[in-house]
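Protein chains: 2
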Amino acid sequence: MNPPGLDDLLTCLRFPSVSTDSTKRADVRACAEWLVGQLRGIGLSTELRETPGHPVVLAKNQHQAGRRTVLIYGHYDVQPAEPLNEWKTPAFEPTIRDGRIYCRGATDNKGQFMAHLQGVRESIAAHAELPVNLIFLIEGEEEIGSPNLKPFLQKHADELKCDIVAISDTGMIAPGTGTFTYGLRGIACLEFVVHGPSIDLHSGLFGGAIMNPLTAAARLTATLHDADGKVAVQGFYDDVLPLETWEREAWAALGDADAEMLALTGSPALFGEPGYTARERVWARPTIEVNGIGGGYQGEGSKTVIGRTAFVKLSCRLVPGQNPDRVQQQVTDHLQRHTPPGVRLEIKPGHTGQPYRMDPHSAVGQAAQRALHKAFPGQKLALIREGGSIPIVQAFKDVLGADTLLLGLALPDSQMHAPNENYPIENFAAGVRLNQALLAELA
Amino acid sequence: MNPPGLDDLLTCLRFPSVSTDSTKRADVRACAEWLVGQLRGIGLSTELRETPGHPVVLAKNQHQAGRRTVLIYGHYDVQPAEPLNEWKTPAFEPTIRDGRIYCRGATDNKGQFMAHLQGVRESIAAHAELPVNLIFLIEGEEEIGSPNLKPFLQKHADELKCDIVAISDTGMIAPGTGTFTYGLRGIACLEFVVHGPSIDLHSGLFGGAIMNPLTAAARLTATLHDADGKVAVQGFYDDVLPLETWEREAWAALGDADAEMLALTGSPALFGEPGYTARERVWARPTIEVNGIGGGYQGEGSKTVIGRTAFVKLSCRLVPGQNPDRVQQQVTDHLQRHTPPGVRLEIKPGHTGQPYRMDPHSAVGQAAQRALHKAFPGQKLALIREGGSIPIVQAFKDVLGADTLLLGLALPDSQMHAPNENYPIENFAAGVRLNQALLAELA
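Those protein sequences? They're chains A and B, same order as listed.
The opening position of the first sequence corresponds to residue 0 in numbering that gives the first Met the number 0, with each subsequent residue numbered one higher.
The opening position of the second sequence corresponds to residue 0 in numbering that gives the first Met the number 0, with each subsequent residue numbered one higher.
Since the hints were made in silico from the structure, they are not lab data.
Since the structure is predicted, the reported quantities are computational estimates derived from the model, not experimental observations.
Hints may be right or wrong, so weigh each one.
The calculated lysine to aspartate or glutamate pairs, modelled on EDC-like cross-linking and capped at a C-alpha distance of 16 Å, are [what the hints assert, rightly or not]: (1) A:K347 to B:E299; (2) B:K59 to B:D157; (3) B:K229 to B:E272; (4) B:K23 to A:E299; (5) B:K347 to B:D332; (6) B:K347 to A:E299; (7) B:K59 to B:D162; (8) A:K396 to A:D162; (9) A:K59 to A:E46; (10) B:K160 to B:D397; (11) B:K302 to A:E142; (12) B:K396 to B:D358; (13) B:K302 to A:E190; (14) A:K396 to A:D358; (15) B:K87 to B:D97.
Counterexamples of contact, computed for chain B against chain A with all Cβ distances above 12 Å [unchecked claim]: (16) T88; (17) D237; (18) Q328; (19) Q393.
One side of the interface only, derived from the structure: several residues of chain A facing chain B at Cβ under 10 Å [what the hints assert, rightly or not]: (20) T220; (21) H224; (22) A268; (23) K302; (24) S314; (25) G341.
No residue lacks a Cβ here, since even glycine has one placed at the ideal position from N, Cα and C.
Take these sequences, add in the hints, and give me the full structure.
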């Protein structure tokens, strides 16, 4: 028998609420309106709030002075389901196999925020009341970078004022292991374009007499790292806060992740900054990654041309201590200093996001840990950081002054953003328990 | 008024006969069939000859014993026209502006072989006869390295037996200056693909723990040259024949080409192997050029992905003394030796072509010089080598034992292989004169 609330999740999953697809605009809105009905149905004062893009669903219980205010964030929009032919069952028809729900959005993020909703429903049904002042904020634009969320927070800062934010949109390190993510990497993006000749040239008629922009782009990119994988940009590591001893010990106690990392990536071998495990490299060390490179002939076979430009798209992942704007400037300076002769460099700064870290041993951190213990009884917890960036976490900090508890329920093989996304029913049930325990602990 | 034969050239140019593009296979064939009609129309015995790829057009007059046999070679296939948005007028709609025809293939090679065709037409119309035994061989695979031409020559060596080959597919050093090209660079193409993870990865969740294939491709490419532009592949220069003193003097007497090279390329500065002028670098020194590089996200803005593969397309231009197969092996060895850890290298050898050099002061060389004087009366001639590759020149030497006269009609700004390729109408007219003078001088 399905646990209580699961049928509502299945209904929620059937909305193809793909925020990036303008042909699905009505589906996105229908999902939001359905959510409004759900939240009103459990007794919360709920509104659909318009933004320049997709609407925000905002729900509150009756707030009382002297109680802690908890904001639970989620997003009802989902990634596109393509390539559709790689799904074993239809992407927007939730299908249960071996205890998992297969559907786009099952894990990211409907399965997770619907567990919170069900937890609140059960608490109110049992006690006619919640132990805290609650705000549910469920947006519809997370998968397109939340362009309207920060302005929304700024505009409604008074009514969104809270003591702590809770989000279930991160991962668990293994099934059954309650996982508290207390840190995220920041980001600084930057694209550079190498300009050479004013037109594409015949490489026979001109090759050897000018600097080839593709060669120059490759040479410049090669200066970004040492042979051992360390970033070679001057000052890059200056502000990096080192890993604390307890973190290295705690992460080592989680077991060796190298084999899992190798299996997940399918790379021939692991590679990275010397002196750190793969997990430490991703969770707590900065990196510069080339996300795109292109220039000259892109088709089949050969075309003997000297392309007039080449581009390289970079993103730096940053760790606590580093300032994204400063790193962007350091990389810019480095590129300018190392530009080969005979070409002109153009720099296009991209978006940035702060790294994030909270103290998992703080009062709210300990409350979160106790809640995880109740949600996953009898199991050790994992205190981790993650390598990705969730810019809204910084927005909550900047605008509302609130820290965020990242208590995710995704599994490593939940296939988020990929075909056959799935979510274990047991994680839904654990999420319901987690919500109830969290609100009680935070009270 | 258009000179005689120009309308036929315009018709020929409208065929988008891009040999590398399998979707244009029918267009390539249609162009060949149209040519058969043209050559039959001027009284030559003409056939379309099949190959495993695109067909060869073969035409002859009535051969007579005791006359010299001249083979005129051309190619009816053209380079891809991309990027299409950089063309001022459509790539396959010939448009005349300021005395030049703008169209893909206008110079390379339709405008040049069609001038020979018109010269023959006029000679036959005037004298009912040619002074030599003539063979027209017009192939459809030059832009993809003529993979089937050498076997074709071998298979039909008897009927293609000739004393000398004439090709107009090279350049003039300036408008009005008849130019005799007595040497060409060879070519050795090679693509390498760097394979990393088995799928595209989220650069936040994995960045720093594995070698990024795009970074590896850039690092590997950067090992191909020293900082001063010299090729860093072991043994690359071992077999290079040095420039002769008379050549350096003759080329210097043509005037300083550096300013022209800078203007033609539009590069911020010239750059290349120390100790040589730009002209010497291109005409007589080998190079390795990156013709294409690509991997990861190619669209606008940023996508924080680690692409699973990156490719680099290389072409080496080779000079007399070098062996293309040996160089291809040297580069392969170099790439394998320098592949960064954590990725897998795949090498795709491409086409090769021998470098070429003949004696411009030989008897046929002197005949060619006299023909150029008639085609460009009252002007000094230029004796040069060129940086491009025409591998079939070596094939003619190897299979038919015949030297080749390279009497090109392209201008330095004809934009071959690039958008807005163009050909001066006056060069078409000079080509008609050249053909008539050449056949007379060789007779």
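Query - Hints violated by the structure (numbers, ascending) - result: Structure breaks no hint.
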